[in-house]
Amino acid sequence: MTAIDLKDVSKTYRGKVHALRGVSLEVMDGEIFGLLGPNGAGKSTLVKIMMTVIHATKVSGEILGHPIGHTQTLQHVGYLPEHHLFPHYLTGNQVLHFYGALAKVPRVARVARAQKLLDRLGLSGWEHKKVSTYSKGMLQRLGIAQVLINDPKLLILDEPTDGVDPVGRRVIRDLLDELRSEGRAIFLNSHLLSELEMVCDRVGIMVKGKITMQGTIESLTSDSKRIEICIAGTPPDWVKEQCNEIKENTIIVHGDDPKFVQPLIDRLRKEGITICSIRPVRETLEDLFMRAVDYIDQPGAIK
Amino acid sequence: MVFRALLLDAYRQLSAAKLFWLTLGLSAIVVLVFGSIGFNDEGMSLFFGLTQIESDLVNAGSPWARGLYIGIYSSFLVTIWLGWIATILALISTCTIFPEFVRGGSIELSLSKPISRLHLFFMKYAVSLSFVVLQVLLFCGGIFLCVGLRIGEWNWGIFYAIPIITVFYSYLFSVCALVGMVTRSGITALLITGLFWMGLFSTQTAEAILNTFVTEQKVTIERLEEGIAKATEELAELESESLTDMRIQDRKDRIESFQKDVDAAKKLFDKIDVWHRPVTWGIAVLPKLGQTIGLLDRWLDDGSGFDIAALMRGDMQELEEFDDLDPTTRGARERETMRRIDDDYSERSLWYIAGTSLLFEGLVLAFASWYVCKKDF
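As they're listed, the protein sequences go chains A and B.
In terms of numbering that gives the first Met the number 0, the first sequence opens at residue 0 and continues consecutively.
In terms of numbering that gives the first Met the number 0, the second sequence opens at residue 0 and continues consecutively.
Each hint can be trusted.
Keeping only pairs whose Cα atoms sit at most 30 Å apart, straight-line, the calculated BS3-like set for lysine-lysine is: (1) B:374 - A:209; (2) B:374 - A:135; (3) B:373 - A:152.
Source of the hints: derived by calculation from the structure; they are not laboratory data.
Next comes chain B alone, as it looks inside the complex (with noise of 0.2 Å):
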């Protein structure tokens, strides 16, 4: 009866506030767009027929059209519309119920009444995620039957961005909550919600470039010393043969080069490693907002090896065509960093994305709920 009279109350108050019905509208229009696309015999169309971009790759019945239909709704409307723009539109409506709850006038009526306060902060708090999940479910309905009537799959699958985009958004309210709390301004706690969010992007993108680094100069070693010791096989075989061979000075540079590009590359490994390790450290006890997002492209990999990700990046190609070519050209090895880097993120447990940044909200909830305890209103 309580939850129930809070999810109404907190309705009430996101209805009164409008921007729940314009992210839902807003949410609405996507869903329509995506809706839009369709696939036929020569490629693919736009806004229900009005442009047609012809394509053999991606056209109806092909594996692509279904992984570019897919990759859409998770790499793009996933990561950008909801994991950005929605969940400011939610963080913006919603930074206000906790300086509500607590406002002078307004917290004596609900302490006063037969409910514990621990209680009454995560029933508040969990009605407020609640509509979250509302908006998201309502988001992934849409895309569920877009995806359903256009490529004939069913896929429930789609349904897995409700506890992502939870989850992911619940990180974020939890600081809001406690600024909100401590603070008794909305403004306040968004802004420091904001700069929080802020933080944890800088952070983690710094990881991702000191990771991209560290992991480059590591295969650099690892493949010009292999390059090393096949030239100097080959040098010894050469020079077994015959000590006027052309190709002798040829490995002789090889090696002398190789061996300059491995010294650098161990400086500078060292160099960045330094601030490698705290970094990743760092990053391992705070929300890990975009790999969290990232779980639902994981979820939704259907296998066929089409990334619209990395399409848009231009490195949509076969990896494996070019494993017969030197490993130690930087074209080789760049592709064997990507390679890395991907294995890295994707092989991260659903623990160490999830379960760690649980642990950090958990701790930012336990003191938010000490602090609604111990408090003279």
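So that you can see chain A by itself, here it is in the shape it has in the complex (with noise of 0.2 Å):
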């Protein structure tokens, strides 16, 4: 089932700064959908307008089988924003029940969960400390716990792992594995392209309020895939006939399929010629970034 259902999001800023034009995007159930983008490029302006935060300019689409804007749905949604702040004269806990409330969870349910959340996100024995004595890391970790205090059924995170450390990173990547696998859509909004590589299903590129690339990270790097052979020395000139690509002393052949580069290593070795590795490449996601955003020297909505 499709979790976000987003067809043709405008917002234009009075009249002028057009922050977004013309988003259209899909995320299904069980699903993480890490979207990417320079800074200004309208992520968080599309994220805040499914939270109803901001009124988009034209809109269409559904959250949850609900049109945008339909509060009540939000009952099924958690959302982190991007920093994000917690009244400073509240507990951890306090913090949990009282967004938990808001979210109309019944207090039995709030209080079962809360503890538990906490103690997920190692922030057992932090619960009755004012927020204001928190690290940025334990704020985020609290801001986690807070988006699932209504176990919902879409999560919505930008920028989750902002501030935190390797290890909180890894409980909140393990964490997000397990709340995927329990079949909820996850949505994230992060900058750090090496953790949405690790767990993202799809990815979307935004650039300039329009998403340029969108998909698999597997599809959308397929045509990158090579295969590269660095040997001793300068290539003879007949290697040329049989690869893509030559690089000082690396030999780069397209294409993931070993049975295409056996003729040439034969060669290679019957000529003596000395082959120090061989080792199929695959862009990476910034990679990727790099080539989808063209890189922007003056980054920003299109005016």
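Given two chains presented individually in distinct reference frames, assemble the corresponding complex, making use of the accompanying hints.
As structure tokens, then:
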């Protein structure tokens, strides 16, 4: 089932600044979708539109089967804003109870979930301490706990690992895996490409208010698959006919099927050329991102 | 569930700011000082008998003791303590509620919950006011006990101060909430609310002064025209009896002098009325702070004629005793002016005082809620 189905979402500020220009995307249940993009691309605006924090200039589509803006649907959505701010006078436990109550979670359920979540996110022992004493990473983990207090079917997380140490990131990543396996849909906004690469089933790349690429990392990078053969010394001239590219002492053959490079390897060996390494290479998410963005000197929305 | 959560959150926010407890503590001291006033056969005692003031009029069992005790509550504690000091403290405590509510990083968390923006805004507003209700309730509870124990009167009317002060506070808090949301600054909200309050106070004081002048001129014109008619009548009578009567010239002088005063009063009236009318209309659509607080005096009046505010002004006299004297004298005209002004204010309806003020508040809240609903946070 489709958890998020956005069609042609546009947002224009004061009739001049086009923050979003006809964004369409889908996120399925049991899937982690990552949205990437440079600063000012419109990622947070899109998230805020889904969460009714910002009014879209034009929008159609659904969240959990209800039109965007349907307030009661939010009861089944967990949202972690970027740079979220919890009331400094509350303790961790009180934060969960407060936002749980706003999400209309009955007290009994809140009590049961709050402690479990605090334990799961490594915050046990801190539940009765004021959040003003929490570190950035702890606040982020508490934010994740807040997202889960209403047992949501859809999680929308804006920079969830921002400020979290490697151990905390691992905890969050494992938690996301677990949540996905429970069939929940997860929408991630992040700058940390390596993090996204590790957890996302599909990604979308947003540039200047538009989604320029969308799909599984595998499908988006399949064209870039290649086998690189590194040899000692300069490759002989005949190699050019049997490969796609030569970079110094590296011979590059496009594709990922090993049988295509066997004759080349055999001939290199026959001629006594030392093969230092043979490795299949695929474009990383960062490479993909840079390609999609086509590096922008002036990040930001189009005016 | 949501309202309860917001209530608890607001309590924690105020409690963390400490000012809530400070106000409550000061209120307790005020109640204690009030409760230390007692009455005995010789007069009244202060500070639990530490000081004795002897009086034949105000002593145990005298109706004026009741008037004095209730009067201290309605004219001083409510007007000065609740109407000024506690209100300022409450505004300082609550001015950050709405700026904190719309603060970036916090508002997203609230708006992403299954509650409409309008609902959330009005619940937050109601929750903020409920703390004033709580403060005044505790204060009135203390006063109720003091009055009951000291003069044996269990006067439930004391609790009228709760709706009065809450409504009074809400006129100001609506402005504070609106400015706080638009500017996202508690200090700015507090300053603008303070200026608004001062503006209202000045306008209402100006209206009261102009009203006094206008009423004074009206009374002067009426009384002197009556005096002229009476003197003319007497003159005709005297002239019909004897043309050499010494009193004839006196009557002529009086008529001439009265006429001069009437002309001067009419001129002054015309001049002041030009200002008085627009100010009166302006006041009609603005919150009426002083008059709202004054409702308590009206509702607690026992008809004994004891008025502590008048006593403090030096006006505590039986007005009727002067009725036989010449009504054209300055003193008689001043007394009539005061009487008419008192009547004017006491006859102003609840609709005029609270209704129009709440209408103003409603407009401010309508604008604030429109802002909350339309704003992209």
